[in-house]
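Student: Here's the letter readout for the chains.
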Amino acid sequence: MNVTINEEGAKALVTLEGRLDTTNADQFMKDITPLMNGSHQEIEMDCTDMEYTSSQGLRMFLMLQKNVSARGAKLVLKNMKPHVKEVFDITGFSHIINIL
Amino acid sequence: MSIKKNFSSRLSLYVLLVAAGVMVAVAFLIALSAVMRITEDAREKAALTLDNTILKIEKVITEVERSVDNLDWVVQQHLDDEHFLYEVTRELVTANPNIIGSAVAFEPGFYKGRRYFSPYSYIGDVSHELHSFQMGNEDYDYPVLDWYQIPKLLGHSYWSEPYYDDGGGGQRMSTYSMPLTDEQGNIFGILTADISLEWLSNLVTSIKPYPNSYTMMIGRNGAYIAHPDSTKVLNETIFTWAMGMTDTTTFQIGRKMLAGQKGEQVFFNGKEDAYMFYGPLSNGWSVAMECPFWFVFIDAIDMIIIVFFMLLLGLLALFFGCRRIIRKLTTPIVEFSNSALTIAKGNFQATIPEVHSKDELLTLRNSLDYMQRSINSYISELKTTTASNERYESELNIARNIQMSMLPQNFPKRSDCFLHAMVQPAKEVGGDLYDFLEVGNTLFFLVGDVSGKGVPAALFMAITRAAFRFIGALGLSMSEVMSRVNNCLCDGNHNNMFVTIFAARLDLVTGEMEYCNAGHNPIVIVSPEGKASFLRAKPNLAAGLFENFPYEEERLTVAHGSRLILYTDGVTEAERADKSQFGEPALLQWAESLNPETSAEAASIDLYSQVKRFTDDADQNDDITILNILLK
Numbered sequence: 078m079n080v081t082i083n084e085e086g087a088k089a090l091v092t093l094e095g096r097l098d099t100t101n102a103d104q105f106m107k108d109i110t111p112l113m114n115g116s117h118q119e120i121e122m123d124c125t126d127m128e129y130t131s132s133q134g135l136r137m138f139l140m141l142q143k144n145v146s147a148r149g150a151k152l153v154l155k156n157m158k159p160h161v162k163e164v165f166d167i168t169g170f171s172h173i174i175n176i177l
Numbered sequence: 003m004s005i006k007k008n009f010s011s012r013l014s015l016y017v018l019l020v021a022a023g024v025m026v027a028v029a030f031l032i033a034l035s036a037v038m039r040i041t042e043d044a045r046e047k048a049a050l051t052l053d054n055t056i057l058k059i060e061k062v063i064t065e066v067e068r069s070v071d072n073l074d075w076v077v078q079q080h081l082d083d084e085h086f087l088y089e090v091t092r093e094l095v096t097a098n099p100n101i102i103g104s105a106v107a108f109e110p111g112f113y114k115g116r117r118y119f120s121p122y123s124y125i126g127d128v129s130h131e132l133h134s135f136q137m138g139n140e141d142y143d144y145p146v147l148d149w150y151q152i153p154k155l156l157g158h159s160y161w162s163e164p165y166y167d168d169g170g171g172g173q174r175m176s177t178y179s180m181p182l183t184d185e186q187g188n189i190f191g192i193l194t195a196d197i198s199l200e201w202l203s204n205l206v207t208s209i210k211p212y213p214n215s216y217t218m219m220i221g222r223n224g225a226y227i228a229h230p231d232s233t234k235v236l237n238e239t240i241f242t243w244a245m246g247m248t249d250t251t252t253f254q255i256g257r258k259m260l261a262g263q264k265g266e267q268v269f270f271n272g273k274e275d276a277y278m279f280y281g282p283l284s285n286g287w288s289v290a291m292e293c294p295f296w297f298v299f300i301d302a303i304d305m306i307i308i309v310f311f312m313l314l315l316g317l318l319a320l321f322f323g324c325r326r327i328i329r330k331l332t333t334p335i336v337e338f339s340n341s342a343l344t345i346a347k348g349n350f351q352a353t354i355p356e357v358h359s360k361d362e363l364l365t366l367r368n369s370l371d372y373m374q375r376s377i378n379s380y381i382s383e384l385k386t387t388t389a390s391n392e393r394y395e396s397e398l399n400i401a402r403n404i405q406m407s408m409l410p411q412n413f414p415k416r417s418d419c420f421l422h423a424m425v426q427p428a429k430e431v432g433g434d435l436y437d438f439l440e441v442g443n444t445l446f447f448l449v450g451d452v453s454g455k456g457v458p459a460a461l462f463m464a465i466t467r468a469a470f471r472f473i474g475a476l477g478l479s480m481s482e483v484m485s486r487v488n489n490c491l492c493d494g495n496h497n498n499m500f501v502t503i504f505a506a507r508l509d510l511v512t513g514e515m516e517y518c519n520a521g522h523n524p525i526v527i528v529s530p531e532g533k534a535s536f537l538r539a540k541p542n543l544a545a546g547l548f549e550n551f552p553y554e555e556e557r558l559t560v561a562h563g564s565r566l567i568l569y570t571d572g573v574t575e576a577e578r579a580d581k582s583q584f585g586e587p588a589l590l591q592w593a594e595s596l597n598p599e600t601s602a603e604a605a606s607i608d609l610y611s612q613v614k615r616f617t618d619d620a621d622q623n624d625d626i627t628i629l630n631i632l633l634k
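Residue numbers (the working numbering), protein chains in the order written: chain F, 78 to 177; chain A, 3 to 634.
It should be emphasised that the hints constitute simulated quantities derived from the structure, not laboratory data.
Hints may contain errors.
[Said to hold, decoys possible] Just the calculated beta-carbon pair ranges, DEER-fashion:
id, chain 1, residue 1, chain 2, residue 2, range
1, A, A475, F, K151, 38 to 44 Å
2, A, P587, F, D126, 20 to 26 Å
3, A, N391, F, E84, 42 to 48 Å
4, F, D126, A, N391, 37 to 43 Å
5, A, S376, F, G86, 54 to 60 Å
6, F, E128, A, G532, 30 to 36 Å
[Claimed, not checked] Keeping only pairs whose Cα atoms sit at most 20 Å apart, straight-line, the calculated DMTMM-like set for lysine to aspartate or glutamate is:
id, chain 1, residue 1, chain 2, residue 2
7, A, K581, F, E119
8, A, K540, F, E84
9, F, K158, A, D83
All C-beta atoms in this analysis are idealised placements derived from N, C-alpha and C, irrespective of residue type, glycine included.
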């Protein structure tokens with residue numbers, strides 16, 4: 078899973094590429110830690126090239142979402158592939174994470 | 003122990019070989035120079051012996067000549083006294099041990115008109131008595147004999163060639179003849195002295211400086227005057243001898259001797275190389291001495307034997323000395339080897355011998371010591387790790403047993419409904435769970451999947467299972483059950499663990515099913531006709547995330563003869579090595595291929611083996627749970 082973070086003021090533009098599964102979930106957590114230090118009011122994640130997420134990966138998104146919600150900021154996931162979006166739908170994560 | 007296997011012996015042998023090479027080379031050079039020197043000495047000795055011999059003979063000859071020459075004047079003074087002339091010859095023989103006969107021979111007609119007048123005295127060969135007589139007569143016409151005629155013709159003193167005298171001495175002899183001359187220089191007689199060749203021959207042949215060497219003497223014409231083989235004397239010449247030789251240098255020797263030269267010549271004597279030393283006498287004779295070549299080694303051979311024995315003794319001493327020293331030096335290596343072997347056999351506490359030198363042996367000893375310490379430390383570390391691993395493994399196995407025992411294995415034994423479920427964790431323990439409860443004609447059942455895997459998931463799974471066991475038995479609606487379980491799981495869930503659950507209550511008589519889905523995969527329903535489809539239930543939200551989430555329940559009537567298949571994403575997301583997944587379509591396809599008569603257990607096992615076949619030995623990446631119900 079490649080995570081690229083570009084900052085535009087208080088907005089973070091994040092690009093996610095590849096698979097997010099149990100083997101690299103910890104690394105993903107480290108990669109997105111900068112997004113949880115409170116400096117971004119808006120986080121936009123481009124999921125065009127995200128191929129897969131496991132339930133462990135969902136947990137990471139959830140933790141990020143909880144962090145963002147707690148400080149009144151915004152998290153948006155964009156351009157998600159249908160089969161990845163399905164995982165969010167099935168688990169009900171679509172209800173708590175904003176997926177465009 | 004053979005020498006090949008014994009390091010010290012082998013090393014000693016190598017040292018010995020090198021030393022032997024050097025010593026032999028040195029000994030050879032010494033011996034060579036010694037032999038050369040000894041050869042030269044021997045040659046000089048031989049030449050000197052010859053010179054001495056010549057001097058001895060020369061002395062005899064000179065004495066004879068002088069004795070005769072001294073009498074010239076006496077004879078001249080007493081020519082008229084006949085008796086005195088006899089006395090002169092007697093005196094010459096008696097006073098001179100080397101002279102065996104003497105004569106004063108006069109020219110025919112000179113002495114008082116006599117045709118022959120020659121007073122003669124000699125010592126008898128046998129009687130050793132002195133005899134005197136007048137020897138000239140018709141039968142012994144001395145003026146024509148060599149000893150008389152030649153000096154007369156030459157006009158000076160002369161040594162005759164050896165001859166056998168049958169008139170006078172009756173033996174082999176040589177005669178010194180001195181002409182007697184008057185004041186006008188006319189020769190009127192010859193004064194002679196005979197020397198015995200037997201005597202001279204004995205003198206010459208007794209000179210034998212080396213074994214197999216001999217000395218001989220030849221006259222002016224090459225005839226032998228003296229030779230160890232007395233039959234050759236007067237009968238053979240040196241050229242007779244040379245003709246019998248293959249080596250033609252022998253002729254040169256003969257010629258040079260006749261020419262009165264002095265020298266030495268190497269030649270082949272028919273058996274071996276030899277030296278011929280030769281030198282002339284003043285009277286034209288020549289003395290020669292033959293020495294076989296190897297005579298020089300007579301002196302050298304003792305020295306060579308001594309050198310050889312010294313060499314042998316030295317090498318033996320060197321070998322044993324070396325072996326002793328090397329053995330002593332290499333003893334630690336043998337001990338190290340034994341220690342290493344002991345260590346290799348498993349006794350890691352084996353003592354490594356101490357070394358007192360500060361050389362490579364100490365380095366070797368330190369290396370061995372370091373190796374032993376490393377091994378011991380590694381083993382002790384390994385023991386700890388192994389013990390720790392064993393403990394973890396043992397604990398995990400216990401945990402697995404506990405977890406498996408949480409999942410009920412006593413499936414309902416009914417005629418109207420068959421249920422079977424199985425869990426296959428990816429690791430020792432997993433986060434999947436199933437449960438069922440049979441209350442009268444209703445069947446409560448669920449399948450859940452905790453996020454993640456391993457011990458954390460297993461702990462969360464245990465909480466979930468306990469919550470359901472407690473809340474599920476209260477007879478609440480499914481949405482209420484789910485809500486309460488959710489709240490229970492949210493309590494203190496700081497790690498944001500969550501679990502997706504499909505839980506349902508099925509009336510086995512009416513087929514009415516009340517269910518609630520908490521973010522779980524859609525279950526598969528196979529109709530009595532064999533048509534398979536996903537039940538797209540409302541997802542709600544995985545449990546454990548948000549307290550008081552409003553879970554909603556749904557209802558569905560399941561036709562008798564239908565099959566319900568519940569599973570976790572370990573089935574649909576089972577991956578091959580190329581990351582392709584088993585997928586929902588394959589699941590549906592499998593479900594439709596099922597025979598309606600297939601038992602619930604057989605169906606579970608069949609699906610599991612289908613998934614395994616698909617992943618084809620790839621590591622199982624997620625826990626797999628399958629629960630299926632066949633409603634009759």
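Student: Evaluate the given range 20 to 26 Å for the C-beta pair formed by A/P587 and F/D126.
Tutor: Given about 24 Å between the Cβ atoms, the range holds.
Student: Is it true that the CA of F/K158 sits at most 20 Å from the CA of A/D83?
Tutor: Violated. F/K158 to A/D83 sits at ~176 Å, over the 20 Å cutoff.
Student: For the pair F/E128 and A/G532, does the Cβ-Cβ distance stay inside 30 to 36 Å?
Tutor: About 34 Å separates the Cβ atoms of F/E128 and A/G532, which means 30 to 36 Å holds.
Student: So does A/S376 sit 54 to 60 Å from F/G86, Cβ to Cβ?
Tutor: 59 Å, holds
Student: Can you let me know if the beta-carbon spacing of F/D126 and A/N391 is within 37 to 43 Å?
Tutor: 40 Å, holds
Student: Between the beta carbons of A/N391 and F/E84, is the distance compatible with 42 to 48 Å?
Tutor: Check passed, 45 Å falls within 42 to 48 Å.
Student: Under the criterion that the straight-line Cα-Cα distance not exceed 20 Å, is the pair A/K540, F/E84 satisfied?
Tutor: 37 Å, violated
Student: Given the hint that A/K581 pairs with F/E119, does the C-alpha gap stay at or below 20 Å?
Tutor: 33 Å, violated
Student: Between A/A475 and F/K151, is the Cβ distance one that fits in 38 to 44 Å?
Tutor: 43 Å, holds
Checked against the numbered hints given earlier, this structure breaks hints 7, 8 and 9; the rest are met.
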